[in-house]
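Peer 1: Quick mapping for you: the protein sequence lines, in order, are chains A and B.
Residue numbering for the first sequence follows my numbering, starting at 1 and increasing by one per position.
Residue numbering for the second sequence follows my numbering, starting at 1001 and increasing by one per position.
Since the hints were derived computationally from the structure, they do not count as laboratory data.
Glycine included, C-beta positions come from ideal geometry on N, C-alpha and C.
Check the hints yourself; a few may be wrong.
In silico lysine-lysine, DSS-like type, Cα no more than 25 Å apart, as pairs [what the hints assert, rightly or not]: (1) B:Lys1044 <-> B:Lys1068; (2) A:Lys65 <-> A:Lys240; (3) B:Lys1220 <-> B:Lys1109; (4) A:Lys71 <-> A:Lys60; (5) B:Lys1044 <-> A:Lys134; (6) B:Lys1105 <-> A:Lys10; (7) A:Lys240 <-> B:Lys1162; (8) B:Lys1068 <-> B:Lys1220; (9) A:Lys65 <-> A:Lys187; (10) A:Lys187 <-> B:Lys1068; (11) A:Lys224 <-> A:Lys60; (12) A:Lys134 <-> A:Lys224; (13) B:Lys1109 <-> A:Lys3; (14) A:Lys3 <-> B:Lys1162; (15) A:Lys10 <-> B:Lys1109; (16) A:Lys104 <-> B:Lys1044; (17) A:Lys107 <-> B:Lys1162.
If you only want the chain A side, here are some residues facing chain B, beta carbon under 7 Å, derived [claimed, not checked]: (18) Gln43; (19) Phe90; (20) Thr94; (21) Gly127; (22) Glu181; (23) Leu212; (24) Val231; (25) Thr253; (26) Ile257; (27) Ile269.
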Amino acid sequence: MKKNRSLLFKVTAYTVCLILAILSVLPFWIMFVNATRDTFQIQQEALSLVPSSHLFDNLKILLGKTFDPLKGLTNSMIVSVASTLCTVYFSALTAYAIFAYNWKMRKPFFTLILAVMMIPAQVSVIGFYQFMYKIGMTNNFMALILPTIAAPTAVFFMRQFMMASLPLELVEAARIDGASEFYTFNKIILPIMKPAMATQAIFSFVSSWNSLFLPLVLLTNNDKYTMPIMVSLLRGDIYKTEYGAVYLGLTLTVLPIFIAYFLLSRYIIEGVALGGVKG
Amino acid sequence: MKRRKNISYAKYGYIFSLPFILAFLIFSLYPILYTAVLGFTDYKGLAATSWQFLDEPFKNFELILNNKSFRQALVNTFMIWTMNFIPQILMALLLTAWFTSRRNKLRGKGFFKVLFYLPNIITAASIAILFYALFSYPVGPVNSLLLKLGIVDEPIYFLVSKMSARGIVAFIQFWMWYGYTMLILTSGVLGINPEIFEAAEIDGTNGIQTFFYITLPNIKTILLYVLITSMIGGLNMFDIPQLFMQGGPDNSTLTTSVFIYNQAFSGSYLYNRAAAASMIMFVIIAVFSAALFFLMRDKSEIQIRKEAKAAEKARKLANKAQGVI
Chain A
1 MKKNRSLLFK
11 VTAYTVCLIL
21 AILSVLPFWI
31 MFVNATRDTF
41 QIQQEALSLV
51 PSSHLFDNLK
61 ILLGKTFDPL
71 KGLTNSMIVS
81 VASTLCTVYF
91 SALTAYAIFA
101 YNWKMRKPFF
111 TLILAVMMIP
121 AQVSVIGFYQ
131 FMYKIGMTNN
141 FMALILPTIA
151 APTAVFFMRQ
161 FMMASLPLEL
171 VEAARIDGAS
181 EFYTFNKIIL
191 PIMKPAMATQ
201 AIFSFVSSWN
211 SLFLPLVLLT
221 NNDKYTMPIM
231 VSLLRGDIYK
241 TEYGAVYLGL
251 TLTVLPIFIA
261 YFLLSRYIIE
271 GVALGGVKG
Chain B
1001 MKRRKNISYA
1011 KYGYIFSLPF
1021 ILAFLIFSLY
1031 PILYTAVLGF
1041 TDYKGLAATS
1051 WQFLDEPFKN
1061 FELILNNKSF
1071 RQALVNTFMI
1081 WTMNFIPQIL
1091 MALLLTAWFT
1101 SRRNKLRGKG
1111 FFKVLFYLPN
1121 IITAASIAIL
1131 FYALFSYPVG
1141 PVNSLLLKLG
1151 IVDEPIYFLV
1161 SKMSARGIVA
1171 FIQFWMWYGY
1181 TMLILTSGVL
1191 GINPEIFEAA
1201 EIDGTNGIQT
1211 FFYITLPNIK
1221 TILLYVLITS
1231 MIGGLNMFDI
1241 PQLFMQGGPD
1251 NSTLTTSVFI
1261 YNQAFSGSYL
1271 YNRAAAASMI
1281 MFVIIAVFSA
1291 ALFFLMRDKS
1301 EIQIRKEAKA
1311 AEKARKLANK
1321 AQGVI
């Protein structure tokens, strides 16, 4: 009796999990396959699990129009790497300020960070755009990078990490040895923070890489388009009948993240579970 | 002597948080205030540079609140969010219960977790367009699959029906987020003191009882966190509805974010109306955020107190050590 129930449980659980797993992979698999098929094949039969041979024809069609994956990739790379560096370094610094020093405004400051954690870009976008427009910073990556210096969620996460695994005695010891505060932070604290920084680096990179809203508002010059804006071009009329090319375009945007994800999945999954706080 | 030393270090607290504070003031607070001000003006038109306050200060807000599309956007946002959140939380809870079950250990949990979380990390913009292609008519992969399985006799034109467009957007949201929610809930369950479960086992509870009477009450805070963050995320939903059907068909997938974007950056560039709509959204989000804030504050308050105690202890210890030397 008990054995039967356990078996029933396992069959149900594995079936559901398997269906969900297929659901996660199938759309991307269809995308990869259709990227290698031409429009005629797709119109004949849209669903195929076996790749065909038209990858390079599709590439030619794709690149013959406005879609420029190399430019998108480069621009996204610049913005994402710079944003990640800003977020990781300054969040650690800010968290350290809250963690290690007893200053008068420390508590109100931390309260502020908690309070603004959930405010999305959407509510300030009009003012932000006008402000950037006035100082001539639209179409300038700095307008996307500099705001990431203030990343409340990352600060919160880093502070949690410091409280769990950074003994204040260490700071005291460094002071006794005569280290300056900046030196202590850069040479002693940062190395200890590596695991937390790596987690935050992954998440801030991904969120910056995937971000569409602000770049779409700020970047109007084709040369500055990031990957998600490039992708949005595939929805336009010029690719209306080029099914294979559209799938290929999507594949090119998804592939880098796919590879990175499967290489780093362990850390990412751990990071999500650890973070708990990520919008 | 010791005291003076502490005071002299305090200034580093200010210095180290200065970059954050500056970036926050310039790129967050100022734009929000600026947006609020613009909501009371006549500012519109591409490349317009001057604006004046309106004679009736709340006119933009009135117009927005009475705007059919904006109301529709609020209704849509709520509908799509509900259609996505209820299945999402149920699925996440079910998987959490399975993955943390102490009696029936499943194999391959790590593998499944990786696959379930996968859609969340892929660019939403790409996913929106991918689903647009998958649901195309008359020939599209989904139609093809349904025909092959014999579920339908004729291809379905998914993208012209309001309800099916909303359903697909809700499904995409579900598909992208249930894995994330499951990971958060699982880590919450793993954080529960195992002794509680052991005690329950000794008392002879079965798996279902354990889940409802022990697991669920113990992850209440996390459930609430998931609920509120998901609501705020739902209000901000932009990438999927914008690129999937541009808010269509017939405004059925128009969300508040898409509405704001369309008001400000297309058509007649009504920055003032968009700003007013942003502020309305801000108020709604602020209410949710406040709820979340009180939820999280208790915990961090306790931690701050703990930390202060620990610091005090450390200081005493250091003093003692110095005394010894």
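Peer 1: Each hint: holds or not?
Peer 2: Structure-based check of each hint:
Taking the CA atoms of lysine 1044 of chain B and lysine 1068 of chain B, the gap is near 20 Å; set against the 25 Å cutoff, the hint holds. For the suggested pair lysine 65 of chain A and lysine 240 of chain A, the alpha carbons sit about 12 Å apart, so the restraint of at most 25 Å is met. With a C-alpha separation of about 24 Å, the suggested pair lysine 1220 of chain B and lysine 1109 of chain B falls inside the 25 Å cut-off, and the hint holds. A threshold of 25 Å between alpha carbons decides the hint, and for lysine 71 of chain A with lysine 60 of chain A the separation of about 16 Å falls inside it, so the pair holds.
A threshold of 25 Å between alpha carbons decides the hint, and for lysine 1044 of chain B with lysine 134 of chain A the separation of about 15 Å falls inside it, so the pair holds. The hinted pair formed by lysine 1105 of chain B and lysine 10 of chain A meets the criterion: a straight-line CA distance of about 9 Å does not exceed 25 Å. For the hint linking lysine 240 of chain A to lysine 1162 of chain B, the alpha-carbon distance of about 22 Å falls within 25 Å, and the restraint holds. About 38 Å separates the Cα atoms of lysine 1068 of chain B and lysine 1220 of chain B, which puts this hinted pair outside 25 Å; it is violated.
At roughly 50 Å between alpha-carbon atoms, lysine 65 of chain A and lysine 187 of chain A are farther apart than 25 Å, so this suggested pair is violated. Distance hint between lysine 187 of chain A and lysine 1068 of chain B is unfulfilled; the C-alpha atoms sit about 58 Å from each other, more than 25 Å. The hinted pair formed by lysine 224 of chain A and lysine 60 of chain A meets the criterion: a straight-line CA distance of about 22 Å does not exceed 25 Å. A threshold of 25 Å between alpha carbons decides the hint, and for lysine 134 of chain A with lysine 224 of chain A the separation of about 19 Å falls inside it, so the pair holds.
Restraint check for lysine 1109 of chain B and lysine 3 of chain A: satisfied, since their Cα atoms lie roughly 21 Å apart, inside the 25 Å limit. The straight-line distance between the Cα atoms of lysine 3 of chain A and lysine 1162 of chain B is roughly 48 Å, outside the 25 Å bound, and the hint therefore fails. Simply put, lysine 10 of chain A and lysine 1109 of chain B have alpha-carbon atoms about 13 Å apart, close enough for the 25 Å limit, and the pair holds. Annotation: proposed proximity of lysine 104 of chain A to lysine 1044 of chain B is violated, straight-line Cα distance about 44 Å (limit 25 Å).
Using a Cα cut-off of 25 Å, the hinted pair lysine 107 of chain A and lysine 1162 of chain B is violated, with the two alpha carbons roughly 49 Å apart. Interface hint at glutamine 43 of chain A: satisfied, since its Cβ lies 5 Å from the closest Cβ of chain B, which is below the 7 Å cut-off. A cut of 7 Å between beta carbons decides the hint on phenylalanine 90 of chain A: the least distance to chain B is about 5 Å, and the hint holds. This hint holds: threonine 94 of chain A has a C-beta 4 Å from the nearest C-beta of chain B, less than the 7 Å allowed.
Against a cut-off of 7 Å between C-beta atoms, the interface hint on glycine 127 of chain A holds, since the closest Cβ of chain B lies about 3 Å away. Annotation: glutamate 181 of chain A was flagged as interfacial toward chain B, and the flag holds, the nearest CB pair being 5 Å apart, inside 7 Å. Taking 7 Å as the C-beta contact cut-off toward chain B, the hint placing leucine 212 of chain A at the interface holds, the least distance being around 5 Å. The criterion of a C-beta within 7 Å of any C-beta in chain B is met by valine 231 of chain A, whose closest approach is roughly 5 Å, and the hint holds.
For threonine 253 of chain A, the suggested interface contact is upheld, since its CB lies about 5 Å from the closest CB of chain B, less than 7 Å. A distance limit of 7 Å between C-beta atoms decides the matter here; for isoleucine 257 of chain A the minimum to chain B is near 6 Å, and the interface restraint holds. Checking isoleucine 269 of chain A against chain B: minimum C-beta separation of about 5 Å stays under 7 Å; hint holds.
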